[in-house]
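Engineer: Protein sequences appear in the order of chains C and F.
Numbering (my numbering) for the first sequence: 1 to 322.
Numbering (my numbering) for the second sequence: 323 to 683.
A hint or two may mislead.
Derived pair list, reagent style DSBU-like, types lysine-lysine, alpha-carbon separation capped at 30 Å [unchecked claim]: (1) K476/F - K492/F; (2) K142/C - K334/F; (3) K310/C - K443/F; (4) K345/F - K212/C; (5) K544/F - K142/C; (6) K310/C - K492/F; (7) K560/F - K88/C; (8) K345/F - K231/C; (9) K177/C - K380/F; (10) K30/C - K560/F; (11) K492/F - K205/C; (12) K476/F - K231/C; (13) K30/C - K443/F; (14) K30/C - K559/F; (15) K30/C - K476/F; (16) K340/F - K212/C; (17) K544/F - K310/C; (18) K345/F - K224/C.
Honestly, the hints are just simulated from the structure, not real lab data.
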Amino acid sequence: MERNLTLGSFNSLSRSGTQIKDRRRVPVFKIVSFIILFVFCAVWISPFIILFTGAFRSAQDAMTYPGQIIFPHSGYTIEQFEWILAGKIPTVDGKEVQQPSVQTYQFGYWIMNSCFSAIGGTLIYLLVASLAAYAFVFIDFKYRNLIFAICIGSMVIPGAATTIGNLTNIYSWGLNKSILALIIPGLGGIYGMYLIKTFFAGIPKDLVESAKMDGYSDIQIFFKIILPLGKTVLFVQGLFGFMGGWNDLVWPQMLYPGSTEANMKLWTLQVGMAYVVNNSKAADQVGSALAGGVIAVLPVLVVYLIAQNKIIEGMSSAGIKG
Amino acid sequence: MNQTIRLEEYAKRESRLKAFLSKYGMAVLFLGVFLACFITFFVVPLFYGIHISLTNFKYDHPGREVWNNFRYYKMLFDPKFKPLIYESFWRSFWHTIIFAILMVPMAILIPLILAIFINQKPPGYKVFRCLVYMPSIVPLTAAGSIFTLLFNAKVQHGLLAELFPNTIGKIDFPVQFWPEFHIFGASVNVSWMWVVIYLMCFWGGWGGNFLILSAGLQNVPKALYEAAGMDGCNTFKKAIKVTVPNIKPQIVLCLFTTIIGYMGLYGQNYVLAHPLVTKYAAQPGGVATSTLIYFIQSIIAGDGNAAADLKANYYGLAAAASVVFALIVGTISGIQMYLTRDRKTGNTISRSFEKWNAISR
C-alpha cells in the first residue's frame, strides 16, 4: 500500500511539475477570489434585479408595499409598460390617468429616433471612416502623414469645445427640426477612424499590390479584399458606435431643448427617459421610470450579452473608454 | 493667334487637371468625405465657438455680431463684474474637480483588486468578468431610474428609506444640504444627492478600467511571480512589488481617461437631481449638483421660459465656458499624450498613439 502511494506520487512527479503543486497545497487564493467575486457580483447585479422586478409590478404595489421587490404583493403585471407606451401615467392612488400638466410621453418616436441615431449613424460612420482609413494606409499622396498627424493631434481637444459651434451651424442650416442633426456631427469623429486605421495597417501590403497587378481598382480592392478582412474591427467599432449613440444624452438634449410637443417627437430615448425620471420624482411614479428604464437598457443589454466576448476583447485590446 | 493661345491654355489646364486626378483622384475619393466631415463638424465649429465667445453673438441673428472686449470671460474670471455668475461658475468648477479627485482612486483601486482576483482564474471567471463589466453599458437614464427608486425620500416611498427607516429614512436626499464651505473664494454647498451620484458612478463607472487592467495583468510574465515567491514574497507583497510596477502603463492610461471622463460629468447629475435649486437659482448652473458641463447645458439646453432667457442672453457665455473647459481637459490630455509617448522612436504624435495602443494590447 505504502509502496503504491510512493509510486503514484513518483509518477505524477515525472509527468509534470504542476500536478505536485496541486496535490501539495490547496489553491487558497483561487477559492478566496471565487468567494469574493461571487459576493461582489451578487451585490453589483442587484440593481438590475430591482430594475426588472420593479418594472413588472403594479403602480399600486409600488406605493403600498415598496419593500416587496422580488415578490410583489399582487403578482407581476405589464401595466406600467402599457401605460407609458400609451402616454399615460398613474395618479397618487395608482389609477391610470392622462395627466394634463405633463406632456404626453412619445415612447414610439423616442425609440425610433434612438434606433436611427444609433444604427444609421454608426453604419454611415463606419463606411466614411473605413474609406478614410484605407486612404491613409494604402494610397500614397502628398502630405498624407501631415494630415493624419493633424487628425490624431486634434484628439486632445474634447468634444465639448465644438458643440456650441456645431449647434450654431445646425441652427443656421435649419437642421434643428430634423433628426439628421443627431448623426452628422459624429461623422467627423477621429477615434473610430484611428482604430480602423491601426487594424488596416496590420494587413500585408503585398496583398493589395498583387491585386493591383491583377487589374483591380482601389474601389474593388476596398470592397472585395479589405472590408472582408477588416470585419472584426468594423464589428467591434460598430458595437461601440451603437452603444455610444444609444446612450448619448448631451448632444440630443442640446439640439431639442424644451418639452414642447414638436420637440418631444424629435427626442431620443435618453432625453425622453431623463424627462420621465425627473417627472417620476415629483409624485409616486417611479414604476413608469423603471419601465422606461427597461426599454432603454434592453437593446444594449441584449447586444452586450450576445457579443460580450467581442466587446470585452475590443475594450481590453484597444483601451477604449466606455 | 489669340484663339490658339487660348486653346493651348485650355489644353494645358485640362492636362493638369487630368494629371492631378490621376495622381490624387483616389485619395480625394476615399478621404474626401471624411476630411470634409472633419473640417465641417470639428475644425470650423471649434473656431466658430471661440468666435462666439468673443463677440455679442445672438443665436437667432447670426452674422451681425461685434467684438465685445472679453465680456463673457470677464464674467467667468472677474469676481466683481457679475458676482453671482462668477460664483455659480466656480462652484460648478470645484464640484467637478472635487468629485473627480474623490472618484478617481476608487475607479482605479476597485477594478485593480477585482482584476487581480479575476486573474487567479477561479471557476467561472469569464462569467464574473462579464457581470463586473455589465453595469458600465447601462444607459445612465436607466441607472438613474433605479437609483431614484432606491434613494427617494420616505414620503415618496424610496426603497432604502423604507427598509432602513432610522438611518437612510431620516435623510431627504434631494433637499438636505451639508454645511456650506469656501474654496478659493467660491462658496460650495453640497447636497446629499452627491452621495447618490457618487454611488451611481461607483456602480457603473469603471468597467472599462477593469477590462484594461485585467488585460494588462495577463501580460505580466509568470516567471517574475515565481522568482518573487522564491525570494519569500507572500501574495500581498507580490501584488505590490510585482504586479503594480508591471502594469504601470495601464494604470497611467486608466488614471487619465478616468479624470477626463469625470471632468465631463453631467448626465448622472441631470437625471438624479434636476429640480433642485439654490440661491443661484436664476443663474446658469444654479442647481445644487451643477458641474462644468451642467453649467453649459443649463444655458443651451434648459427647459422653460427662464431657460429661454438664459439662452438668449448668455449664449456666448456658454461658448466661453466650453472654451475654458476645453483648455482644462485639453491640458490633461496633452499631459497624458506626453507621458505615454515613445521617447526613442521619434516625436510624432501619431507614433506616440501607436505606442499607446501597443501598450494597452
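Engineer: Look at each hint and say if it fits the structure.
Structural biologist: Hints and how they fare:
1. K476/F - K492/F: holds (8 Å)
2. K142/C - K334/F: holds (22 Å)
3. K310/C - K443/F: Roughly 19 Å separates the two Cα atoms, so the pair holds.
4. K345/F - K212/C: holds (15 Å)
5. K544/F - K142/C: violated (47 Å)
6. K310/C - K492/F: Given that 30 Å is the threshold and the Cα spacing comes to 45 Å, the pair is violated.
7. K560/F - K88/C: Between K560/F and K88/C the Cα gap is close to 59 Å, so the pair fails against 30 Å, i.e. violated.
8. K345/F - K231/C: Satisfied, since the Cα-Cα distance of roughly 29 Å is no more than 30 Å.
9. K177/C - K380/F: Since the Cα atoms of K177/C and K380/F sit roughly 19 Å apart, the hinted pair holds (cutoff 30 Å).
10. K30/C - K560/F: Holds: K30/C and K560/F sit about 15 Å apart, inside 30 Å.
11. K492/F - K205/C: violated (68 Å)
12. K476/F - K231/C: Not OK: K476/F and K231/C at ~52 Å, beyond 30 Å, violated.
13. K30/C - K443/F: Distance of about 7 Å is within 30 Å: holds.
14. K30/C - K559/F: holds (17 Å)
15. K30/C - K476/F: violated (43 Å)
16. K340/F - K212/C: holds (21 Å)
17. K544/F - K310/C: holds (26 Å)
18. K345/F - K224/C: holds (23 Å)
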